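Chemist: What follows is each chain in one-letter form.
2 protein chains.
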Amino acid sequence: MKINGISGGVTAAAGFRAACCAAGIKYRDRVDMAMLCSDAPCAVAGVFTSNVVKAAPVVWDKNIVQNVKAARAVVVNAGIANAATGPAGMAMCAQTAEAASKALNIPAEQVLLGSTGVIGPGLPMDRIAAGVNMMAGTLSDTPEAGTAASRAIMTTDTVNKECAVTFELPAADGSAVTVTLGGMSKGSGMIHPNMCTMLCYITTDCCIDQALMQRAVEDVVRDTFNMISVDGDTSTNDTLLVLANGLAGNAAITAMDEGYALFREALFTVCRALAIKMAGDGEGATHLMEMRVVNADTKDNARKLARSVIGSSLVKAMVFGRDANCGRVLCALGYAGVDFDPAVIELYLVGEKENLCFYRDGCVQAFDEEKALAMLSEKAVRFLCDMRMGDQEATAWGCDLTYDYVKINGDYRS
Amino acid sequence: MKINGISGGVTAAAGFRAACCAAGIKYRDRVDMAMLCSDAPCAVAGVFTSNVVKAAPVVWDKNIVQNVKAARAVVVNAGIANAATGPAGMAMCAQTAEAASKALNIPAEQVLLGSTGVIGPGLPMDRIAAGVNMMAGTLSDTPEAGTAASRAIMTTDTVNKECAVTFELPAADGSAVTVTLGGMSKGSGMIHPNMCTMLCYITTDCCIDQALMQRAVEDVVRDTFNMISVDGDTSTNDTLLVLANGLAGNAAITAMDEGYALFREALFTVCRALAIKMAGDGEGATHLMEMRVVNADTKDNARKLARSVIGSSLVKAMVFGRDANCGRVLCALGYAGVDFDPAVIELYLVGEKENLCFYRDGCVQAFDEEKALAMLSEKAVRFLCDMRMGDQEATAWGCDLTYDYVKINGDYRS
Chain A
9 MKINGISGGV TAAAGFRAAC CAAGIKYRDR VDMAMLCSDA PCAVAGVFTS
59 NVVKAAPVVW DKNIVQNVKA ARAVVVNAGI ANAATGPAGM AMCAQTAEAA
109 SKALNIPAEQ VLLGSTGVIG PGLPMDRIAA GVNMMAGTLS DTPEAGTAAS
159 RAIMTTDTVN KECAVTFELP AADGSAVTVT LGGMSKGSGM IHPNMCTMLC
209 YITTDCCIDQ ALMQRAVEDV VRDTFNMISV DGDTSTNDTL LVLANGLAGN
259 AAITAMDEGY ALFREALFTV CRALAIKMAG DGEGATHLME MRVVNADTKD
309 NARKLARSVI GSSLVKAMVF GRDANCGRVL CALGYAGVDF DPAVIELYLV
359 GEKENLCFYR DGCVQAFDEE KALAMLSEKA VRFLCDMRMG DQEATAWGCD
409 LTYDYVKING DYRS
Chain B
9 MKINGISGGV TAAAGFRAAC CAAGIKYRDR VDMAMLCSDA PCAVAGVFTS
59 NVVKAAPVVW DKNIVQNVKA ARAVVVNAGI ANAATGPAGM AMCAQTAEAA
109 SKALNIPAEQ VLLGSTGVIG PGLPMDRIAA GVNMMAGTLS DTPEAGTAAS
159 RAIMTTDTVN KECAVTFELP AADGSAVTVT LGGMSKGSGM IHPNMCTMLC
209 YITTDCCIDQ ALMQRAVEDV VRDTFNMISV DGDTSTNDTL LVLANGLAGN
259 AAITAMDEGY ALFREALFTV CRALAIKMAG DGEGATHLME MRVVNADTKD
309 NARKLARSVI GSSLVKAMVF GRDANCGRVL CALGYAGVDF DPAVIELYLV
359 GEKENLCFYR DGCVQAFDEE KALAMLSEKA VRFLCDMRMG DQEATAWGCD
409 LTYDYVKING DYRS
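Which chain is which? The protein sequence lines are A and B, in order. All you need for our numbering is the position in the first sequence, starting with 1, plus 8. All you need for our numbering is the position in the second sequence, starting with 1, plus 8.
The shape of chain A in the complex, shown without the other chains (with noise of 0.2 Å):
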């Protein structure tokens, strides 16, 4: 299989416009509310965050996903979630959408709509209106279009967010067609983000049907977005859609074929970068945290250890203090819900060109104090756990616990 990477993100695919402005919906002097518009209409797929608390626009675009199936644009705004606004907030959604589908001329129930801020109050609509119209005669299909759109969606991120590959597909007459696939994200999380939340739109040129799509979609989630982690909350606003247009001229995707596997393997290349970007930008975050969990017996299981340790306060803090306290990552490990046998397992910190074991036998092992704080001192400070029970594996992305994530949270609001 054949992905290869570009530079670009929303605007990369064949069709696809973007835009942003600065709205004045809580900061100033900064974009804050970004489109993207696609020439012909959309198969959408999509996840949404699995908290019972759903904010309106979630609820807004899980129905397009579920029912209309189809999309044109998104609309985007940053500094209020437009969450716990109750039926108020719906109408805010519905007016939103009418806005864009007046400005775009496209019916309103395509336009899909995305929230992130602070949880409470409902949003200026007299600003969001204006910020549709100003940017749905901005639109522009060029790079620098797609990186001012993932710029305008950021809240505490520090960097902007954006990925994109071509693969090539068969065109109906057999002669190959390259295919694209771009996305832009903000936050930290899906099954863990932070409130921040995660919002992640991908646009691609390719012709799939909406329901594989969706079946890739929920598979790809389950290794990327769901295993990251910066604290634990899981976000009100939590999102993931994917639009495609179909206008890169492949024949259909509408079987599990090779095709589709290839799509698949796309849609987890920009997944996987846009999760790791997202972990490595955790709110105050001074590394990234990877761990990787081998020769487990099941994927599940696999999975779980992995994100166990990566949730860690205890690890995190001493990823930020290089404080090779190795026994913590036994210790999140052996609360995973998992059975195992400490005994047999073994541990390691990665390294750029060996490992370090720090824990086999059942015995924290005496290790190299300076190698490991060499280790510990990268911008990617990486575990290995192998289970010595079966051949499964999974691999999970965090960031460390620092003064800035109690600082930044201890007071968002102002």
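Hints are supplied without guarantee of correctness; some may be wrong.
One copy or two, either will do: identical chains are not told apart, so a pair holds if it fits within one copy or between any two.
In silico DSBU-like pairs for lysine-lysine, Cα to Cα no more than 30 Å straight-line [said to hold, decoys possible]:
no.	residue 1	residue 2
1	70	379
2	379	34
3	361	307
4	77	415
These are calculated hints, taken from the structure and not from any lab test. All of these numbers come straight from a predicted model, not from anything done at the bench.
Based on these hints, arrange chain B on the given structure of chain A.
Modeler: Chain B in isolation, oriented as in the chain A frame:
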């Protein structure tokens, strides 16, 4: 039921003596070992960490509770956890018990052990043995000896934790005798304990059947120690032990009668008080957090909901920052794994005189920010959730997330 609070701790009940010493296990210039000893043989009950990785003293004590079912003494050290130490760690347990057996002239298999501190290193057996001998010669039944023991088992704790109560039970001749139950604890948690480990030792002169006492312990722990959380990390060493020597002279409790109910209530009172003290003394804490859930459909769901809020990093950081970003409480309820209708529940900040409603009818409510700030500035910050589904309730306790938590855990070993 009449339970009377009294001063004191592990030496409050008749026939229990305590001692401590500075054995130099890891810390310098502070006491770091404690010993408890009963003048008469004790029935013993206990619960232990659910972590798959269990420290050697946990394995040792479990065997005594489940098989020996009798004990005479407890030896505890702070500084080193004797966890992830393999067969060598078990040998260290046997040697420690043997030293106490000789020094106290009691069976080695009736010596309970506890360790708390860093995972990995082995115990310095010469210093442990010297400490045991030193303590055996200075055992005392004074309140001061109990308090000194409670200080000796502290690690990152900032205050020692003791509690004691008395109640009346009938003697064999029908006359009333006073029964005493007292305890000491350190650390923060049981389901979600701080890595510095929860250890709790309770002594009583009550005469009670061992199986019934074990039942009472397992019952009481669900709404006390299992309802506190500091950081979501379940230690390898968590231990709660109850020793009953029968010296009060009450007619033995052998059925689930009024006497049992009174014993259970006394145990609950002491466990609850010690649990709240631990939650409020979580690493780096500046606030005790309490989350009370009322009118839930089931007791188990009430517990899950209360624990989810107490465990939320974002709620914890918000309490530290005294920022009434109360949507985070709603969000944490939403991912508790309990189904409910967000439009029905109501959320309050609880004050001495009045409660402040901040969520109702599906919407975050406007509230008096000054009143909220005053409530968030109290040492104890209390939230209340009315689920409006049934009649079950539960309360959980925790603490805020602070810079000092990160500092303490970023550099714990040094």
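Chemist: Each hint should be assessed against the structure and marked as holding or not.
Modeler: Comparing the hints with the structure gives:
no.	hint	verdict
1	70 to 379	neither (49 Å within a copy, 38 Å between copies)
2	379 to 34	between (46 Å within a copy, 24 Å between copies)
3	361 to 307	within (28 Å within a copy, 53 Å between copies)
4	77 to 415	neither (41 Å within a copy, 49 Å between copies)
Hint compliance for this structure: hints 1, 4 are not met, and every other hint is.
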